[in-house]
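A.B. asks: Protein chains in written order, with our numbering: chain A, 1 to 542; chain B, 1 to 259.
Keep in mind the hints are simulated off the structure, nothing from the lab.
Using 30 Å as the maximum straight-line C-alpha spacing, the simulated BS3-like pairs for lysine-lysine come out as follows: (1) K273/A - K125/B; (2) K262/A - K125/B; (3) K99/B - K168/A; (4) K99/B - K280/A; (5) K281/A - K99/B; (6) K94/A - K527/A; (7) K281/A - K149/B; (8) K280/A - K92/B; (9) K120/B - K273/A; (10) K101/B - K280/A; (11) K8/B - K92/A; (12) K281/A - K67/B; (13) K99/B - K273/A; (14) K101/B - K168/A; (15) K273/A - K169/B; (16) K168/A - K92/B; (17) K63/B - K281/A; (18) K5/B - K281/A; (19) K165/B - K168/A; (20) K168/A - K8/B; (21) K168/A - K125/B; (22) K168/A - K147/B; (23) K281/A - K8/B; (24) K168/A - K126/B; (25) K92/B - K262/A; (26) K5/B - K280/A; (27) K273/A - K205/B; (28) K169/B - K168/A.
Note that the structure is predicted; figures quoted are calculated from it, not measured.
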Amino acid sequence: MIRKEREIKVIYIVILAVFAVFLAVPIIRLLMESFLGDAGIGVANYIEVLTEKGFLRAFGNSVTVSVCSALIATGLAFFMAYSIQYTNLNRKFKSAVRTLAVLPMLLPTITYGFAIIYSFGKQGLLTKLFGRQLFDIYGFNGLLFGYVIYTLPISFMLILNTMGFIDKKFMVVSRVMGDRPGQTFLQTIMRPLLGTLAASFVQCFFLCFTDYGIPASVGGEFDVVATVLYNEMLGSIPDFNRGAVVAMMMLIPSVISIILLKYLERYNVRYNKISQVELKKNPVRDGICAVGSTVILVCVLAIFAVIFVVPLVQEWPYQVHFTLDHVRDVLNDQSLFGVYQNSILVAVCTALVGLLVTYGAALATARSGLNGKLKGVIDAIALVTNTIPGMVIGIAFMLIFSGTPLQNTFPLIILCNVVHYFSTPYLMMRNSLSKLNSSWETTASLMGDNWIKTIVRVVTPNMTSTILEVFSYYFVNAMVTVSAVIFIAGARTMVITTKIKELQYYTKFNEVFVLSLFILGTNILVKIILGYFIKRKEQKEK
Amino acid sequence: MLELKHIKKSYDNVTILEDINLQIQDGEIVSILGPSGCGKTTLLNLVLGLTPADSGQIIFNGKDITKVPMEERGFNIVFQDYALFPNLNVYKNITYGLKNKPGISTKEEVDEFIELLGLKEHLNKKIEQLSGGQKQRVALARTMVMKPKILLLDEPLSALDGVIKESIKEKIKEIARDFHLTTIIVTHDPEEALTLSDKVLIVNKGSISQYGAPQEIITAPENNFVKEFILNQLEIKKNNIFALFHQSMARTVQAGARL
Numbered sequence: 001m002i003r004k005e006r007e008i009k010v011i012y013i014v015i016l017a018v019f020a021v022f023l024a025v026p027i028i029r030l031l032m033e034s035f036l037g038d039a040g041i042g043v044a045n046y047i048e049v050l051t052e053k054g055f056l057r058a059f060g061n062s063v064t065v066s067v068c069s070a071l072i073a074t075g076l077a078f079f080m081a082y083s084i085q086y087t088n089l090n091r092k093f094k095s096a097v098r099t100l101a102v103l104p105m106l107l108p109t110i111t112y113g114f115a116i117i118y119s120f121g122k123q124g125l126l127t128k129l130f131g132r133q134l135f136d137i138y139g140f141n142g143l144l145f146g147y148v149i150y151t152l153p154i155s156f157m158l159i160l161n162t163m164g165f166i167d168k169k170f171m172v173v174s175r176v177m178g179d180r181p182g183q184t185f186l187q188t189i190m191r192p193l194l195g196t197l198a199a200s201f202v203q204c205f206f207l208c209f210t211d212y213g214i215p216a217s218v219g220g221e222f223d224v225v226a227t228v229l230y231n232e233m234l235g236s237i238p239d240f241n242r243g244a245v246v247a248m249m250m251l252i253p254s255v256i257s258i259i260l261l262k263y264l265e266r267y268n269v270r271y272n273k274i275s276q277v278e279l280k281k282n283p284v285r286d287g288i289c290a291v292g293s294t295v296i297l298v299c300v301l302a303i304f305a306v307i308f309v310v311p312l313v314q315e316w317p318y319q320v321h322f323t324l325d326h327v328r329d330v331l332n333d334q335s336l337f338g339v340y341q342n343s344i345l346v347a348v349c350t351a352l353v354g355l356l357v358t359y360g361a362a363l364a365t366a367r368s369g370l371n372g373k374l375k376g377v378i379d380a381i382a383l384v385t386n387t388i389p390g391m392v393i394g395i396a397f398m399l400i401f402s403g404t405p406l407q408n409t410f411p412l413i414i415l416c417n418v419v420h421y422f423s424t425p426y427l428m429m430r431n432s433l434s435k436l437n438s439s440w441e442t443t444a445s446l447m448g449d450n451w452i453k454t455i456v457r458v459v460t461p462n463m464t465s466t467i468l469e470v471f472s473y474y475f476v477n478a479m480v481t482v483s484a485v486i487f488i489a490g491a492r493t494m495v496i497t498t499k500i501k502e503l504q505y506y507t508k509f510n511e512v513f514v515l516s517l518f519i520l521g522t523n524i525l526v527k528i529i530l531g532y533f534i535k536r537k538e539q540k541e542k
Numbered sequence: 001m002l003e004l005k006h007i008k009k010s011y012d013n014v015t016i017l018e019d020i021n022l023q024i025q026d027g028e029i030v031s032i033l034g035p036s037g038c039g040k041t042t043l044l045n046l047v048l049g050l051t052p053a054d055s056g057q058i059i060f061n062g063k064d065i066t067k068v069p070m071e072e073r074g075f076n077i078v079f080q081d082y083a084l085f086p087n088l089n090v091y092k093n094i095t096y097g098l099k100n101k102p103g104i105s106t107k108e109e110v111d112e113f114i115e116l117l118g119l120k121e122h123l124n125k126k127i128e129q130l131s132g133g134q135k136q137r138v139a140l141a142r143t144m145v146m147k148p149k150i151l152l153l154d155e156p157l158s159a160l161d162g163v164i165k166e167s168i169k170e171k172i173k174e175i176a177r178d179f180h181l182t183t184i185i186v187t188h189d190p191e192e193a194l195t196l197s198d199k200v201l202i203v204n205k206g207s208i209s210q211y212g213a214p215q216e217i218i219t220a221p222e223n224n225f226v227k228e229f230i231l232n233q234l235e236i237k238k239n240n241i242f243a244l245f246h247q248s249m250a251r252t253v254q255a256g257a258r259l
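Okay, chain A solo, but in the shape it has when bound (with noise of 0.2 Å):
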């Protein structure tokens, strides 16, 4: 390389210097806070939380809860896949499957909680509509519910990503070869699969284990890691010390899944050409996936359905004659609507500065002649911040910030949201970016430009199908996020979700369901605009 490259050291200095400071130096704290205590350094802290009974109970609880969130979902969600990829089912009904399936994703999970409470509680809707209730809410069913519902949408996405880069020629070789329909499920859509079920239960397991919104609503008194660490931080007898022993525990886990998804990752397969073929008719096949898949699509909406009705009636369950009372009192409400601002304003913000350094960060490792251990060190960053459960991260940002300017401050909610979510939407950029031509920096230095010119010029209009993405990506998670938020929100920053946990306090369920509605209605209009956008852009290009 000839080129000096200047702005791209800048860039790269930069970024490492913002993970420095907002990844690196927090969780290091939180690790030593772990080791302090009363009696000085030592694993004190350790010993006392591990042979503690309530916390062991608690872990158990996690671990039991997850792995069975974790295999309903993605056995629910390869089925629904399957009905997309493997059946002659109706176009339409097929991408009606596609929406609706990751619809849970644009709400918050504290809301599934309480959504699930007004389905299935004593006075919920399908209660009424049943006529008894179903089961115990609270507890471990409320919680396997919650948990289902959350990580089914990525599940489904993961499967259905994959199934599409399945070769369906092999099941004609298979069929040909006198394999029999089960062998060929087996050896032609299961196998090539292995690796990708593995991995969705490992992320689902990752998901369940490390949220706090389900547990925070029907948890009940089934105690789960992400309670206890909430207790011992944010409870009546806080004790950071602990709290920090906790979070390492929740941080454990975590580790070992996403080792565990790296070592799956070997097992995808990988075909040369994807080629379709007519798949075979089989109208009892068809019928089960298009029954299955509607029942299932069925329960999830189901549930969704009382955020729309509690809301918009006088007052559940008892006067329920439509009305937008509620909704005028929450925008007339400027503690509330402030706060759908508030939101508004850290979902935009995050958007863009996590566009921004995702967007460096991938220039650096996708489109320069840095040293491949200096790209390393870029890519370790994504990996670790996939590993760190968001409220671990609100932890360590809360024992480091607490006391400085950026206490409480949307800055810092800001800064959190980016380098939470900063795996996925950097992988994506560095993805798009390395498919460019790599000859075109060079073409248009010789024509004249500067690097930044360059950037501006040709890579950056090659890239706004990806830079849409990541926005939309990084804005509907900061509207739905409440793990890390839930420790650093102060009470002129508070956004949305951490407004919801604080209403549930005072038992004000419509303004709950009112404000879910606002987030809702907010990411599907991000969607649908961007989504048009992205889909132009793509046509022109075809």
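Got chain A sorted already, so can you dock chain B onto it with the hints?
C.D. replies: For chain B alone, coordinates are given in the frame of chain A:
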């Protein structure tokens, strides 16, 4: 004998194949030749049984097999990219079908295929370790073990280069001759079609343009399409190669004269 009568196929109201009639004798090698999008792959899938025909009949040895499912027709196919199972080694790929139909080929016969296709030293290799030509031969062996009544080959040579192409061509001819095996090949390359097969079926826009022996096609093209797109291409190739050899011959002659 394989016979197609008035075969029609369309997708979403777009006609792909219209009124296809043809007969293929036992042991013949027939190439289906045409530009991309002409319907040749659909025709192959119809014979294989993967795609059902909208109307018309497919008759094999006097039996109507139009409605017989793919698995029961007893035909077999080698795909352009071979579709070898990446999780199994070469030998396990070749003997894959024996698990389902033990005894369809004896141990000696399997060894014969391995010998014939020169795969003996590769049996324990992984699929990814093989070159394109080796993969093609493994795929052929795997299919031959199933003793297909008709062998279908989808663009068998287009992913291979130069010398390997010629040697695979010879192998295909050898197999068809030795086992008296009806072989149907889809290709877009006129040279390949005319040098490899007993008969060539030229397809254009969903119908048969000409069906005959290579010699007939060269000497008596039936229409403009065959002339313009098939013969013209070969003519250009021929002239280029002649020019090349002529130059080098002239140079040799000149060099000789100077001496």
